[in-house]
Structures are given as C-alpha cells and as structure tokens.
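Since the structure of chain A is provided, determine the placement of chain B on it from the hints.
Protein chains: 2
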Amino acid sequence: MKLNINLKNAQYPVYLERGILSKISQYVNLQRKIMIITDTNVPKNYATTLQSQCKESYIYRIQASEHSKCLSVFEDICRTLLKYHFSRNDCIIALGGGVVGDLSGFVASSYMRGIDFIQVPTTTLSQIDSSIGGKVAINLDDTKNIIGAFYQPKAVFVDFDTLKTLPRRHYYNGLVEALKAGLIYDKKLFDIFENTNIDDHLEEIIYRSLCVKKDVVEKDEKEMGLRKILNFGHTIGHAIESYFDLTTYYHGECVALGMLYFIDEDIKKQLLPIYEKMHLSQNVSYNKEKVFQYIKNDKKASGNLITTVQVKQIGKASLVPMDLQQIYQILKG
Amino acid sequence: MKLNINLKNAQYPVYLERGILSKISQYVNLQRKIMIITDTNVPKNYATTLQSQCKESYIYRIQASEHSKCLSVFEDICRTLLKYHFSRNDCIIALGGGVVGDLSGFVASSYMRGIDFIQVPTTTLSQIDSSIGGKVAINLDDTKNIIGAFYQPKAVFVDFDTLKTLPRRHYYNGLVEALKAGLIYDKKLFDIFENTNIDDHLEEIIYRSLCVKKDVVEKDEKEMGLRKILNFGHTIGHAIESYFDLTTYYHGECVALGMLYFIDEDIKKQLLPIYEKMHLSQNVSYNKEKVFQYIKNDKKASGNLITTVQVKQIGKASLVPMDLQQIYQILKG
Chain A
263 MKLNINLKNA QYPVYLERGI LSKISQYVNL QRKIMIITDT NVPKNYATTL
313 QSQCKESYIY RIQASEHSKC LSVFEDICRT LLKYHFSRND CIIALGGGVV
363 GDLSGFVASS YMRGIDFIQV PTTTLSQIDS SIGGKVAINL DDTKNIIGAF
413 YQPKAVFVDF DTLKTLPRRH YYNGLVEALK AGLIYDKKLF DIFENTNIDD
463 HLEEIIYRSL CVKKDVVEKD EKEMGLRKIL NFGHTIGHAI ESYFDLTTYY
513 HGECVALGML YFIDEDIKKQ LLPIYEKMHL SQNVSYNKEK VFQYIKNDKK
563 ASGNLITTVQ VKQIGKASLV PMDLQQIYQI LKG
Chain B
263 MKLNINLKNA QYPVYLERGI LSKISQYVNL QRKIMIITDT NVPKNYATTL
313 QSQCKESYIY RIQASEHSKC LSVFEDICRT LLKYHFSRND CIIALGGGVV
363 GDLSGFVASS YMRGIDFIQV PTTTLSQIDS SIGGKVAINL DDTKNIIGAF
413 YQPKAVFVDF DTLKTLPRRH YYNGLVEALK AGLIYDKKLF DIFENTNIDD
463 HLEEIIYRSL CVKKDVVEKD EKEMGLRKIL NFGHTIGHAI ESYFDLTTYY
513 HGECVALGML YFIDEDIKKQ LLPIYEKMHL SQNVSYNKEK VFQYIKNDKK
563 ASGNLITTVQ VKQIGKASLV PMDLQQIYQI LKG
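So the protein lines, in turn, are chains A and B. For the first sequence, counting from 1, position 94 maps to 356 in our numbering; every step adds exactly one. For the second sequence, counting from 1, position 197 maps to 459 in our numbering; every step adds exactly one.
In short, the hints are calculated from the structure, not lab data. Misleading hints may appear alongside valid ones.
Chain copies aren't distinguished; within one or between two, either way the pair holds.
[Stated by the list, open to error] Using 30 angstroms as the maximum straight-line C-alpha spacing, the simulated DSS-like pairs for lysine-lysine come out as follows:
1. K270 x K481
2. K345 x K550
3. K449 x K578
4. K490 x K345
5. K317 x K558
6. K594 x K345
7. K481 x K450
8. K552 x K345
9. K317 x K552
10. K539 x K490
11. K270 x K476
Excised from the complex, chain A in its bound form (with noise of 0.2 angstroms):
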C-alpha cells in the first residue's frame, strides 16, 4: 500500500508493507552518507538490514526513553553528523519509534538548516501517528516538545513486521492515537476497535489511522485551526505524562487518560470496555493542581485561553477554546 501526502511545499510517499525495511534502497537514494539514528529497545539486525542497503553509514543509539529527547543529545548528534563531515546533501534515517522520529527530524531540521530526512518507524505509535505530519521536537526540562520545528520527511517506510517485536505495553500504547483518531474523525476505524479483534484487524487500523492523519494535515500543515483536533486528548495528556517525569506512563497512555475528560457520558462508556481490552488504566491518580501547572505550559495556551477538543459524537471533534479556570474546573471534575 502506498499513499501520498501533499503538502504546499511538500510532498512524500508512506509506503506500508511487511518486509519493506530490506528494500529501502529501491525507493530512496542510500548512495550519499547515512546516519541511522536509533534507541536500544530497537533490535540491532533492524539497523544492519539498513545498512547493508547503503554506500556510507553510520549508526547513532540512544538510549530508549523520553529523556533522550533533550538538548544535550540533539548536541551530541549534530557532533557526530560534523565529525564525519556529513553535508546538505546527506541523509538521516530515523529507525525507531516517537522518540527517535520526533529527536532525528529536529537535527534533520536544523542540521545546516535542514538535511534530508527518512522516517522508518517500528513502533505502532509512530506508524500510526508521529512519524507522518513533520511534527519534530525535543523537551526542554520536563515539558514535551517546546522546542522543535514542522519539517516534512522525504519518504516514510511504515514496515507492520517490525511490530512483531514490540512488546505489549508499547503495542497498545501506540494504539491509542489510532483510538483518537477514530474518535475525532473516523467512525468506521471506532467501530473496529469495538466490535473486532484488534490483533487481526491492525494493518487497516495502521492504514485507516494514516489516512485521518494524512487528510487533517493537508488540509491544515501549521495547526492554525483543523490540525488541533489531532491534540484531542493531549492537553491534560500530556501535563500528566510530565506530571510523572515521562516516564512511568507511556504517551498513548496519558493521552487515554486525557480524552476521557472531553467525551459525553455515553461515549465514555463506550470507550472503557475498550480500554480494558487494550489494558489501559483508567485509575491513575495524580495531584491535579501540579498536573495543572503543566497545562499552563502548553504550547496551546494562548494567552489565558487553551483551544481544547471535545467529542460529542463518534467521529466527529470540535474545537472550543477555554479559559485556564475552566481547564481547571473540568480537571478538578
């Protein structure tokens, strides 16, 4: 399968197929230095495959966590990429999941001002959310992705074998944004969640989820109004996972917390029988008011007002502004 994402200044291909990662070469020019970027979590053959496809590679690991998206990494690789002389003209391939796709795309974005870029995700939440969209960023402290920029890949290669090795938790946590997507956009891909074995189903929830994605941003790059309904979820979502250092809850997971306080009664209940069989917890307890602290951080904020996104009806999202007080009174329940 293959869809195209066109942009006003760019456009790229996501090809999806099993076994892809081997034939890379055939799509995009491996001829010119490579820098694989990728974490420890990723098994290592994942990486030789990669490069046995190139002329002149290198393979840069971190270590699998959110902390590895910080200033002092993002350093260090732009570094290396001096070290061994890489040009504008060379490449880096993120081989990873969120973490490695959102850290690669900012060196790749700012790296000489700009190199070229791949995006080979291996996780379900990067093939299904973070690596289509040219969202990139780093943390600056505990706050997600304050500094990053909108930086579009060349091409990605969204390869469902490289699923088979994630483990669970990771595995449903990814799932999430595909949840969301249904939720704010796609009935249908809702509908999957809750009448079918995800398991069985997971290539058309990868494929449906992208092509939510692929239509919001097309129509609305830069989130001036559209895109913000892909946030659903993550204005408490993500205060919460700094809340926890983000670390202890996943990002999927926070972001389910976070939807449950924007939906109706009904679709709520809806939703949990969901979320149990995707093992997600519905009973976290965290201090709101330092949660709340977070949210005043936001990069939707706004002055006093937050554009937070709301679910009345399966498949369909609204956006509607709010104050900080209100924010507060609906976290507060």
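Below, chain B without anything else, positioned relative to chain A:
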C-alpha cells in the same frame, strides 16, 4: 523608506528611518508578551525605548560575543520564555547586531515550533545583511552557523541613528557586506565605495545593499542556486574566523580576506585602496593547513565539492564548483 520582501510563504516589510526605534508600536502589535533579546554592547536606552511601547516585556541580555551564539545560551533563553509562559502568539524582538539576530531568530524558529520575531538591527552588519533573508543559526564549538533554520522575521526596523554609537571597527566590519554586495551584483554600489566619502553615503549604501539582498533572496530563498553568490568571500572567510576562535577578527574582516582569493588581479588593485579607506587589514597571517580543515566542514560543501563564488567583473558573480584540492591550491596561493 520601505522595502517589501516577497517570498513564497512570507512577506514582510523593512522600514528604514532615523528614529523609528521609538515608533515601532505603530507598525507591529506589541500588545502581547515581548521578549527583547539584546547584548552588552547595545546602549541600554534602546531596550527601554522599546519597552515603553510594550504592554508586557522582558529583556534578555547576552554577552556581546560570537560565543553567545551557542546551545547553552539558546537553552537558557528557551527556559526563560517558558518561565514567563510565552505562548505561540507572543513575540521576540532581536535588538542588536548579527549575533543577537541569528540567535534570537533560531530561538523564535524553534520555540513551540515557531513564534513571531522582529528584527531591530543596530549595527552596519545586521542592517546591511543579516537582518533580512531569514538565515538564523547558532554555532557548535567553533564551527559557525551549523545549527539553524530558514525563518523569516515579521518585520525589520532599520534605525540609522543607532549606528552613531557603533565603534568604528564594528562600523567598517559591517560595511564589508555592502562592498561584497557591490562586487557581486551592483557596480554603482561599488563605485560609491571607490569614489566617495563612505560616511556621507551611508543611508544609500545600506539601502542599495538591502535591494541586492532582497532581489537575490526573493529569487532563491533556500539557497538552491543564485543565493550562493551572497557567500562570496565566506568559504575561506568563515574558516579564518573559526581558526581565530571566532573572536580575534570580526566576521566582515574575515570575509574581506576571503574575497581576495576569488577575484582577478585588476579588481584586487581597485579593491585594496578601499580596504585601506575602511581600515581593513590585508596582512593577517594564519596557518593555512588548519584553515583548510575548517573549510572541509563548510555547509556549502557537498561531498568533495564546494560551490565557490568568483568575481571577474565588478557587479557580476559566477558560481564555480571546485573540489577541495583546488580550494587548497587557491588558499596556498
């Protein structure tokens, strides 16, 4: 005077007027959070003149040094923006020279993936060259501008009055970029340097230089081709600057040295008396082997090739790809 810069995805005005520093709020929205980034060389009353026009403003003062264009200062500014809850709709003003502009611009390009940014250049270098065109960057170790972005300001305010307090060495340093603009694109501008008193024609020199830059950048924003002519003198110049630890000689002084390698003898004969008029040294000794090492890391390198800029006729530049060995020969003379 006013110029409009018209790029594919950005349009912005450049206002040139004595005393405009005290009237900026008439042109842009200062009724939001404003971070004024400036340096220890810029007279303090310039910042307070700006502050008096703002609703809520903060001043971040960096050390006046090329070394301030580094990741640790970048990080501290981002942390300060976060501390004061700057949102996507707030704004950064760069008040100072090229260092302040490049650094502030990179902060603006990446904080929350991009916030508004206004340039108020107060040196000849920044008024003539660095404040328009959208190249923003910081250095890594002693490699110049290796981390950055193409990010356009919302407006540029050139107040000639601010040049009154500029030390003469800085003044001439910046004018090298105007002389460069004349050499590569505007013979009349070169004639002003050759035949008249520079001080008496300062406003015209700045205006004409900006017209050159506007024309070139509008034709090739991302430096795919033509824009490379603006790098005339910079390949060797940057390397000399790095060799001297970015501090001993100023940027323009090094560019002046770099230009001498890529012009014909007869032009050199015309140029050297102008250098004398501008108190630019022609006899700086440096270790050419070591300078060559810095050239290898140049952003303009592509594999083994670097696009050099040559001037064989005043007002016209040509792009000549050379391999590193050829540049080595030229450098060795």
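(request) Identify every previously stated hint that the structure contradicts and give their numbers, smallest first. (result) When the structure is compared with the hints, none of them turns out to be violated.
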